[in-house]
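**Q** Add chain B to chain A, keeping to what the hints say.
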Amino acid sequence: MMTSDRTIPTITIVAALALVLGFVLPEWVLFLSNVAIGKALVVLGLLLLWRCGVVPFGQALFFAGGGYGVGLLGHYYGITDIFILTIVAAAVGGGLSALAGFLLARYRGIFFTMLSMAFSMILYGVLVKTEALGSTDGIGLKRITVLGWQPEEQFELAMYIYAVLLGMICAVLMHVYLQSVPGRLSEPIRGNEVRVEYMGMSVQRLMHINLIIAGIFAGLGGAVTAFSVGHIDPEMAYWTTSGGFVFITILAGTGSVLAPFLGAVIFEVIRTLAFSYVPDYWQIILGGALLLSIFFLPGGLWSLIAMAKGGKKNGLNY
Amino acid sequence: MDSIIEITNLEKSFGSVVAARDINLKVSAGQVIGIIGANGAGKTTFVNMVTGYLKPSSGEIRYQGRDITGLAPEELTRIGLTRSFQIAQVFPALNTRDNVLMAVGATDKFRGRTRFLEPLSTPERYAKTARILEEYDLGSHALQIAGELPQGLRKLLDIAMAVASEPSVILLDEPTSGVSVSAKFETMDKIIGALKANEITALFVEHDMDIVARYADRVLAFVDGTIIADGTPDHVFSDIRVRELIVGEVIERAKADREEDNA
Chain A
1 MMTSDRTIPT ITIVAALALV LGFVLPEWVL FLSNVAIGKA LVVLGLLLLW
51 RCGVVPFGQA LFFAGGGYGV GLLGHYYGIT DIFILTIVAA AVGGGLSALA
101 GFLLARYRGI FFTMLSMAFS MILYGVLVKT EALGSTDGIG LKRITVLGWQ
151 PEEQFELAMY IYAVLLGMIC AVLMHVYLQS VPGRLSEPIR GNEVRVEYMG
201 MSVQRLMHIN LIIAGIFAGL GGAVTAFSVG HIDPEMAYWT TSGGFVFITI
251 LAGTGSVLAP FLGAVIFEVI RTLAFSYVPD YWQIILGGAL LLSIFFLPGG
301 LWSLIAMAKG GKKNGLNY
Chain B
319 MDSIIEITNL EKSFGSVVAA RDINLKVSAG QVIGIIGANG AGKTTFVNMV
369 TGYLKPSSGE IRYQGRDITG LAPEELTRIG LTRSFQIAQV FPALNTRDNV
419 LMAVGATDKF RGRTRFLEPL STPERYAKTA RILEEYDLGS HALQIAGELP
469 QGLRKLLDIA MAVASEPSVI LLDEPTSGVS VSAKFETMDK IIGALKANEI
519 TALFVEHDMD IVARYADRVL AFVDGTIIAD GTPDHVFSDI RVRELIVGEV
569 IERAKADREE DNA
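Chains A and B are the protein sequences, given in the same order. Residue 1 is where the first sequence starts when you use the numbering used here, and the numbers rise one by one after that. Residue 319 is where the second sequence starts when you use the numbering used here, and the numbers rise one by one after that.
Hints are computed from structural coordinates only; laboratory data are not their basis. You may find that some hints are simply not true.
[Stated by the list, open to error] Each computed SDA-like pair below joins lysine to any residue, with the alpha-carbon atoms no more than 25 Å apart:
(1) B/K373 to A/R108
(2) B/K427 to A/W50
(3) B/K446 to A/V176
(4) B/K427 to A/G230
(5) B/K373 to A/N192
(6) B/K427 to A/R190
(7) A/K309 to B/A460
(8) B/K427 to A/V194
(9) B/K373 to A/S4
(10) B/K446 to A/A16
(11) B/K373 to A/L206
(12) B/K446 to A/R106
(13) A/K142 to A/G230
(14) B/K427 to A/S4
(15) B/K427 to A/R106
(16) B/K446 to A/S202
If you're wondering where the values come from, they're calculated on a predicted model, not measured in any experiment.
The following block holds chain A by itself, in its conformation from the complex:
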């Protein structure tokens, strides 16, 4: 029997509440939220790949691609319009993942994981060594404009509104894709590729498409982060950045397109508090949180919500 799907109304309500909250939250919370949404967009793409049974440890490549696309366009061509820059970031993330996908789509397991990391470290090396790309110092972004208007005093709020709306659109699009025929067929790839092939679907092509989609989302995440931070540097492409995205995916779970947003917010809160109160030991706090999540919530934080709704115990919906 078909069951009613309330995901899209839920996304809309959550986004509306977040927008209302934006008008009362202090600037530093808005800034943290923007950074969290930037990460959540990357994790949204990771969720898709995770469901296919692959764990990329190089998603920072496309994240940095989006960020640098935004930064370089402003730096060299003076383009500051948020909509043009967003489209460029998506194109750069998608373009890079389309190229890497020709190779990545052929591999599974540890080979896929390490190959994706290798690609991101190549970009990191190029960024560090190239003066025109800002080298180790990176590049400062020009102030973003919205259709010619430059938000000055309300900059964080404007960026927050943009990030929430973009996050909402991306979550809805990902949900629609996951419910579509190719989206649903992506899940059983992890269980039986041979059967998928004999159902008339090319697994390699499907994986390539999913990699491109994840790359586009990572590029958008890079753009949101760059807009908010106002600076891009090679750290965006470093493997620890990719590790952070994997961390959030484990913490959040892959049971819903809303999980990455929940996971990214919790991750930023833990990191910020740990960094503020125990600056010398913040990594231990983060590592401890990850261990607790793996031991007690193997399906991630979303499994708590799934359990509350009477879903499967591990919060996985496949």
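**A** Structure of chain B alone, referenced to chain A:
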């Protein structure tokens, strides 16, 4: 009658080992063909080559007049030639209904019957899935997790998923292996009945000669990678080489199966 499949000089070698050689065959639409042979005779290699799982070393396979030699499984499925497996290939974490629903959705996708980003779960697809499940007597197991189904039902599910791709030809690799001796005829009744009702040409690999004699219009006997006898069941089973090289061995195997089943 025009041939739906025409195979010429098909050969497959793995290094110095020749697994299939000199296979020549014409299959007419609507036929049900039993493939017999001892273990290692080349039956599964033959099925794997025709269905794109293995690339032949030489030779040609034509389907509806088109050269399909070496085409990938997904391309063959799209043009109407598919298979089931000796070890049932299902999605073990999904329930029986969703397994078939996936196959129905994939078929709609490659036949261009879906709109961009249309959801998989539509009332039409659920209805079609329910029809297929009923046809293969899987309706009462619709919500059971496929990985927990008994072997016989998993084999039926495997075949139901293959049939969901609306093929003209299906190759079944040992459809009753793992099914208890007492349930073999019942299982084959369902499979062959459904295939005939849908006018699907079938080639099935089988070790049980009673099954072959009862369901096949034509029998191919494989020995050492090639076909040594081809004809009606009576004709092939009366061939002295078949009796010496295949039937004797499978009678022993059938006895062992029955003893295992009784135990």
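**Q** All hints, please: hold or fail.
**A** To see whether the hints hold, each was checked on the structure:
For the hint pairing B/K373 with A/R108, the CA-to-CA distance comes to about 23 Å; that is within 25 Å, so the pair holds. A hinted pair counts as satisfied when its Cα atoms are at most 25 Å apart, and B/K427 with A/W50 qualifies at roughly 23 Å. Of the pairs offered as hints, the one joining B/K446 and A/V176 holds, with about 22 Å between alpha carbons and a cut-off of 25 Å not exceeded. Using a Cα cut-off of 25 Å, the hinted pair B/K427 and A/G230 is violated, with the two alpha carbons roughly 44 Å apart.
With a C-alpha separation of about 21 Å, the suggested pairing of B/K373 with A/N192 holds against the 25 Å cut-off. The straight-line distance between the Cα atoms of B/K427 and A/R190 is roughly 20 Å, inside the 25 Å bound, and the hint therefore holds. Distance check on the hinted pair: A/K309 and B/A460 sit about 23 Å apart at the alpha-carbon level, within 25 Å; holds. Between the alpha carbons of B/K427 and A/V194 the distance comes to roughly 18 Å, so the proposed pair stays at or under 25 Å and holds.
For the hint linking B/K373 to A/S4, the alpha-carbon distance of about 46 Å lies beyond 25 Å, and the restraint is violated. At roughly 39 Å between alpha-carbon atoms, B/K446 and A/A16 are farther apart than 25 Å, so this suggested pair is violated. The suggested pairing of B/K373 with A/L206 holds, with an alpha-carbon distance near 23 Å, which does not exceed 25 Å. Restraint check for B/K446 and A/R106: the C-alpha separation of about 33 Å exceeds 25 Å, so the hint is violated.
Among the hinted pairs, A/K142 with A/G230 is consistent with the structure: their alpha-carbon atoms are about 7 Å apart, no more than 25 Å. Straight-line distance between C-alpha atoms of B/K427 and A/S4 comes to about 23 Å, which keeps the hinted pair within the 25 Å bound. For the suggested pair B/K427 and A/R106, the alpha carbons sit about 22 Å apart, so the restraint of at most 25 Å is met. This hinted pair checks out: B/K446 and A/S202 have alpha carbons roughly 23 Å apart, not beyond 25 Å.
The structure is inconsistent with the numbered hints 4, 9, 10 and 12, although it conforms to all the rest.
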